[in-house]
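Undergrad: This is what each chain is made of:
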Amino acid sequence: MGVGGAPGVYGDAADVAAALMLLLEFGLLRQALIRDQVRLYAAQSALISVLAIVIAADRNLPELYALAGLSAALKVVAVPWVVRRLLLRPRAPGWRAGEEAPGVAGSYTLNVASAVLASIALAAFGFFSFGSFHVSASTAPVTALALAGAMVFVAFGLMIVRRDVASQAIGFFSLENAISLAALVLAAGMPLILETAFLFDLLVAVVVFGMLIRAHHAKAESMSTADLTRLRG
Amino acid sequence: MSAALPIPVIQLLQVLTVALGAPAVTGVIARVEARMQGRRGPRLAQPYYDLAKLLRKEALAPRRASLFFLAAPVIAVAAYLTIPLLIPVLTSYGLPLGYMGDILGGGFLLALASFVAAVAALETGSPYAQLGASRAKTFSAITEPVVLFVTFTVALLTSTDLPYVMAGTIRSSAGSYVRPAHLLASAALFMVILHETGRIPVETHSGTNEFGMIEEARSFEHSGPYLALLKYGSMLKQFILFALLADVFVVPWGLASTQSLPDVVIAVAALLVKACVIGVVVAVIDNSFAKLRLFKITEYVAAAFLLVVVGVITVYGGGA
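Residue numbers (the working numbering), protein chains in the order written: chain C, 1 to 233; chain G, 1 to 320.
Okay, chain C solo, but in the shape it has when bound:
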C-alpha cells in the first residue's frame, strides 16, 4: 500500500508497526498488573520510534531520526521510569517502603473477554471512520492512519472500562501515542520543535497524573475510582 516511490514494503512495514501498536493497546486493556501495563506502554512507545525510523528512511526526512531518538528516550525510558517511581516505590503515607502497589486486576467493569469484544467493535468504528476521511497525504499509509484512529477509540475504551486511576493514566498516555502515530503518518514533515513540544507536554501530563494518583491513593487508600462516583451531582 506504499504510495509514491517505495513500492509496498515500507508502507506495509508502517502498517505492521501500527497494527502492533493497536494490539499492544488491547494488551493494556487486558493487563492486570500495573508493572506489566507500564512495560506494554514502553513497548508501544518503542514501536512509535521504529515507525518514525521507517518513515524517515522511506521519505528521506533526517530530522525524524532525531525525533525517533528523542521520543524513545522520553517515552521508552523516562516516562515508564517516572510512572514506576510514582506507583511502585511510593513514599506517600499509607504505602510502606518496598510494598507492592495495590493491584488493578479487579477493576474491570466488564469481564475481560467482553471488554475485548466491545473494544474490537470500538476499534472497527474508529478504523472505518478515520479510513473514510479519504485523506490523501503525499505518502501517508492510509491504513496506519486508520489504525491510529482505532487506537484512539480503544484508548478511550480502556479509560472507560477500567475503574482504577493507574490504568486510566496509562490509557491517557497511550492515547498520546495514538495521536503521535496519526501525526507521524499524516504530517511526517511537521517541524521538529512542534513535536518536541508535544513530547514535553506529555511529561507534564505524567507528572500531573502522578500527583493525582498519589493524592487519590492517600485519600481513598485504593486505586479504585469507585469512591468518586458519589461525588456526582
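Worth flagging that the hints you see were computed from the coordinates, not collected in a lab.
A portion of the hints provided could be inaccurate.
[Claimed, not checked] Label pairs and their in silico Cβ distance ranges: (1) C:I160 with G:S159: 35 to 45 Å; (2) C:L186 with G:L156: 24 to 34 Å; (3) C:D227 with G:S173: 35 to 45 Å; (4) G:A141 with C:L186: 49 to 59 Å; (5) G:E144 with C:A118: 40 to 50 Å; (6) G:A34 with C:T196: 48 to 58 Å; (7) G:R171 with C:H134: 52 to 62 Å; (8) C:L110 with G:S288: 27 to 37 Å; (9) C:E63 with G:F211: 25 to 35 Å; (10) C:A32 with G:L104: 30 to 40 Å.
[Stated by the list, open to error] Computed footprint of chain C on chain G; a stretch qualifies when at least three of its residues, placed anywhere within it, have a C-beta under 8 Å from a C-beta of chain C: (11) 178-186; (12) 302-316.
Note that beta-carbon positions come from the ideal geometry of N, C-alpha and C, so glycine has one too.
Got chain C; can you put chain G on it based on the hints?
TA: Chain G alone, transformed into the frame defined by chain C:
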C-alpha cells in the same frame, strides 16, 4: 531433468507423507519437550511403537455402545487422510484432486472427524469421555469465528478461498508477506492450532488430571486398535494443521514446482523439517507457560479473534 513422476503418484505421496510423517513429528515434540525439562525423553520412533503395541491389543467396548462407537475412529482417520489431498502438502501447483474442496472443505473434514469422535464418546456413557466431548464441542464453537475470519483474510487477499492460491500470493512478493492482514491471520491461526492440538495454554498434553482435559478425555473408553486409531488421528490432525500453517501461511517455500523426483523428495524433506520446527516452537511454548484455567480459555480465544479481526479490517483501510 530426471524422471518426472506421474501426477497420481505425487497425489498419493501427499497422503503417504502425512500418514507416515505424523507420528515422527509427535515424537520430535515429545523429545524436545523432555530435553527442555532435563529428562532424556522417549526415542523419536516411540509414537510408532506405541501405535504398534495398541494395534496388537484386545479391543473392548462398553456394553450398550452401538456399532458407531467402533466405526468412529475409522471415519475420523479416513477424514484426516482425505485432507492432504486438498491442501498444498508437497507441490506449489494444484493437483487434480486439490480443487475438490477449498479451505472450507478442509475445515468440514476436520469438523467431521472431531464430531464422530465426540459422538463415539457420548455413546460410552462414561462421564469423563462425555465431559471431554462436550468441552471439545463447546470450545471448538468459540474458536470457529477465528477460523472463519482467517478464511475471510484469505478470501480478501486472494479473492478465492483456495489454499494453493493463498500460498502463491504470499510467495509472489515481499510486500504481500509483511502485509499486516497476513501476519495477523497467521498468528491467529497459530493460536487456533495450539488450541486444536490440545497444547498449553489450553490443555495439558500428557497429563492425567481429568479436570483440565478437553480432547484427551474423549478416548477414555476406547481401547486396542480403536484407541490406536484415535491417537493416530490426533497425530494426523496435528501434522495437517502444521502443514497448513507452514505451506499456506508462514513458509510456503520449498514446495515442488515440477514433477521431477528430486523436487518432490526435497519437498517431502522440507515439509518434515518445517513441521518439526513448528513442533519445537510448540514445545517451547508448552514448557514456558502455565495451562489456562478452563474459564480463561475464552480470553485466549478472544485474543486470537482480536488479532484476526484487526487483520481483516486493515485490508479495508488501504483505500485499495
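Undergrad: For each hint, tell me whether it holds in the structure or not.
TA: Checked hints:
1. C:I160 with G:S159: 35 to 45 Å: 39 Å, holds
2. C:L186 with G:L156: 24 to 34 Å: 25 Å, holds
3. C:D227 with G:S173: 35 to 45 Å: 56 Å, violated
4. G:A141 with C:L186: 49 to 59 Å: About 42 Å separates the Cβ atoms of G:A141 and C:L186, which means 49 to 59 Å is violated.
5. G:E144 with C:A118: 40 to 50 Å: With Cβ atoms ~20 Å apart, the hint is violated.
6. G:A34 with C:T196: 48 to 58 Å: Hint holds: Cβ distance 55 Å, inside 48 to 58 Å.
7. G:R171 with C:H134: 52 to 62 Å: Between G:R171 and C:H134, where Cβ atoms are some 33 Å apart, the hint is violated.
8. C:L110 with G:S288: 27 to 37 Å: 29 Å, holds
9. C:E63 with G:F211: 25 to 35 Å: Cβ of C:E63 to Cβ of G:F211: about 59 Å, so the range 25 to 35 Å is violated.
10. C:A32 with G:L104: 30 to 40 Å: The hinted range 30 to 40 Å holds for C:A32 and G:L104, with Cβ atoms some 38 Å apart.
11. 178-186: Since three or more residues must qualify, the claim that chain C covers the region 178-186 of chain G holds, with 5 doing so at under 8 Å.
12. 302-316: With 11 residues in contact (Cβ-Cβ under 8 Å with chain C), the coverage given for the region 302-316 of chain G holds.
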